[in-house]
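K.L.:
Given next are the chains, with one letter for each unit.
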Amino acid sequence: MPQTSFAEIRTLAGILEELDYYQVLELAPDAPTSAIRAAYHRTSRRFHPDAHRDAPPELHHQVAQIAKRVAEAYSVLRDPRRRQVYDRQLEGDQARVRMPLAEAEAQADRQRRDQHEGRTPNGRRYFALAKADLSRGDRASAERNLKTALTFEPDNAIFRAFLQELLGRPAGAAR
Amino acid sequence: MVAIGIDLGTSNSCVAVARRGRVDVLPNAYGEHICPSVVHFAADGSTQVGQQAKSRAIHEPEHTIAAAKRLLGRYFFSEEVKKAKAVSSYQIVEGANHAVRIKVREQTLAIPEISAFVLREMKTIAEAQLGQPVTQAVITVPAYFNDNQRQATRDAGKIAGLEVLRLLNEPTAAALAYGFGKGLTQRVAVYDLGGGTFDISILEIGSDIFEVLSTCGDTFLGGEDFDDRVIDLLADEFAGRHKINLRQNRFALEKLKAAAEQAKRDLSIDDEARICIADVANDAEGNALQLERGLTRAEFANLVADLIQRTFKVCDEALQQANLTVRDLDGVILVGGPTRLPLIREAVSQYFQCEPKADVDPDQVVAMGAAIHAASLVGEEKDSCLLDVTPLSLRIGVAGGLAETVIDRNTPVPIEQTASFTTFKDFQKSVKIRVYQGESRVQEENELLGEFEFSGFKHARRGEVRIDVTFEIDTDGIVNVTARDPDTAQAASTQIHLSSGLTEEEIQAIVEKHQPAPAEPAAPAPLSAAEAIAALPRLAPRGPVAPLPESELLAAPLVAEATDLAADALDVLLPEADAGEDSELASPLPDDRDLAVVAPDVESKADDPGALFGAGVEFDLDVGAGEASEDLELAPADAGPLGNAAGDDGRTLAIGGEIDLETSDMDAPLDEEFAAGDVDLESLALDEGALDSLAALDDDIGGAVDTGVAADDEMALTRPRHATAAAGADAGGAEDGWFGDPGVDLSIEPGDDES
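Just so you know, the sequences run in chain order A and B. Each step along the first sequence adds one to the number in our numbering, with nothing skipped, and position 52 is 52. Each step along the second sequence adds one to the number in our numbering, with nothing skipped, and position 574 is 574.
The reader is advised that the hints may include incorrect statements.
[Claimed, not checked] Listed below are several chain A residues computed to face chain B (Cβ distance under 7 Å; list not exhaustive): (1) A67; (2) S75; (3) F152.
[To be verified] In silico lysine to any residue, SDA-like type, Cα no more than 25 Å apart, as pairs: (4) B/K382 / A/P57; (5) B/K158 / A/D138; (6) B/K83 / B/I244.
[Claimed, not checked] Negatives, chain B to chain A, calculated, CB over 12 Å: (7) D361; (8) S393; (9) E404; (10) V442.
In case anyone wonders, no lab produced these hints; they're calculated from the structure. In this text, all values refer to a predicted model and were calculated from it rather than measured experimentally. All C-beta atoms, glycine included, are put in the ideal place defined by N, C-alpha and C.
Could you put the whole structure together from the sequences, leaning on the hints where they help?
P.N.:
Right, dumping it as structure tokens:
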């Protein structure tokens, strides 16, 4: 296992709270899923508590802190759903670099659901109207309602996909 | 300094050492590499361990302890202990804190003490073989062992005079022994069917890295269950023929056990086994009867088919958890004596669609892996990085008998998670935190790891106190929980340590008792459970299971009826909160105040836009009949904030003038208690989510909600409301705020953490 210097451990432990999961695993934010396990292995080799049993006792705690954060980062980033939620959190105004696992899980579930039906009451309502329009074949009204739904949830990928499909579809094609 | 690896098995144990690139399984003085995990207590006060002890079982079953591992870390009231009591000839009694004790020759011994006899034997074997003292060891445990069982194993190590360098999961140890030094890159399954437990782990093996992708198991399934089936067959047939129940005769039962095990072994080699027990019983006239019977492989296969199928169900689960199918695997490693059975080998090759790895000794591979890791930990051997996972979800008890997930199973360890809570009552002095392991949302269906009380935080109104609870699982899979008030920096830390039933002092006492060797110490007087609880109030586990709060029994049908209208549902739920509180206060144990950690965000799979409160008001409220209990359980959760909103004296919470939620009763019992000066209502509440929910409802209906929350109450929230602060409407919630998820618009939905 590559030896990691004590200075490196101290430095990393010192700034751990400021690092996001990508930085912890030394990954680019757009790293492919396949790179995440390799990064976890690489980082674990360097910071696993077993590799530092001989370190001065005061470093044991710091190594453990790093190892725990590495596992946490891996737990979030290896799961594409959790990772998506985390990425959105990182882009947010209040950039938070950590995300409780249970929250990541719950939010990933909710996000999946919200994307389907909308997360705001108005988004849901207009989306439902648009779907009803489509089933009746009223494409113009569906388009209006979808656009309205999108004003409430501009980032809803499902809404957008629906609209694109609607606009792109040749007239007369039934859903 | 040499460090050894010990496979402490249910039926057999094994010790190995790794030196200079070689791994040796160490034989005892008789040249045996495998030592039965059996301890015999002789009349002269001496003890025997291993084959000698096992052979005593037939003559002196009540003084011979086998399969103690099945009892390790169990509560006395657990199913496993009940089962053991039914089949064991030795006396199993209840000790302090619902721990299990064994009474043998006037001594009362804790289970870790029994296991320590076996470990000490392993240590002695190693010392004799190596010609030097041995004090350090890696001990293996079934991967599916919970924290209680791991703690008990570690205690056993301490009692045996060993420094336990690491508790290593058995399948991980097997994979290490298999892959060490081979420079492989493979994905393998380790199918570990031991005497008493079944584990399956899926691992990715690299040149110097062993990552467990998932692990699942069944601690109630092992080779001894196979024996039991044969015993059942023999005893039933005998009873049919001679009208004599052999099970009631201790000696006959031991003979049956031995014969069944032998028959099982014979079937590993031969197609048919002969079972012959002379003098198994006497008939009414006093004539000796004998039992004779053949057992074919086919018959045996029939007897145990369902047990084998059970293991594959667990395998399915493990593969699913790892997001893999059998086709993604490069092979399967068989571990444990029972996997020698051709029956099992065939079933396994069929399931995994490949032949099991041949170059692995199923009885020794675990000890060998433990030895390799022990050597690497003391610097004798090249390091391999073992990345393991936690086999069970870690949960915290919340109001109404639910347990919320904090750390999912199969999360890599070491890991740490922090969740924040606030107090439930004004000027609350302490809170009680209960920690569970298991996969159920219902507290009682999980294993209680322990509960601890946290006090000394800020003296303040409800909601003003913030308590950070940190859960940690270390590389041994052992759970640590600490609570902290970030304002006063008051920290209460506990390494949850309960169910071996041994405190640090007790372990010390036992160690000392065994140090001045032969002098047989007086047996400690067994404490009654009540005495023990009195002695250890802060560590006392709750008892078998908290009785179901009356509220649950009463309310379920009510909630079920309320599926149509959210308004109805709320009317039902709110009084329910009251009932819940009552029952919590009426807790059976003295001084046992119920924890009411409240989880406001309980998400549901079913998305069922609920009833409408008038036009334009959308109100998600899932009260599907099937989820009645979940909804019901939430009642206290909402009671907190709504109680806040209503004020102490039962003001009315009005929502848009359309519904009145009378909340007066809800707080009454609590306040009475408060007034009586007993403020120690051990409860936590997290009202933020629900307050946010109210706010969200408020938004939805254009500000028409009069929550009745006094301004200063609102100020009293422990954390800023960040419902929409973060980008992406729902990506809110401070890192410590997941419990009070703000993204809920008054949705009352069951959790989805099982997905």
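K.L.:
Against this structure, judge whether each hint is valid.
P.N.:
Quick rundown of the hints versus the structure:
| no. | hint | verdict |
| --- | --- | --- |
| 1 | A67 | 5 Å, holds |
| 2 | S75 | 5 Å, holds |
| 3 | F152 | 10 Å, violated |
| 4 | B/K382 / A/P57 | 22 Å, holds |
| 5 | B/K158 / A/D138 | 76 Å, violated |
| 6 | B/K83 / B/I244 | 22 Å, holds |
| 7 | D361 | 26 Å, holds |
| 8 | S393 | 10 Å, violated |
| 9 | E404 | 7 Å, violated |
| 10 | V442 | 17 Å, holds |
Hint compliance for this structure: hints 3, 5, 8 and 9 are broken, all remaining hints hold.
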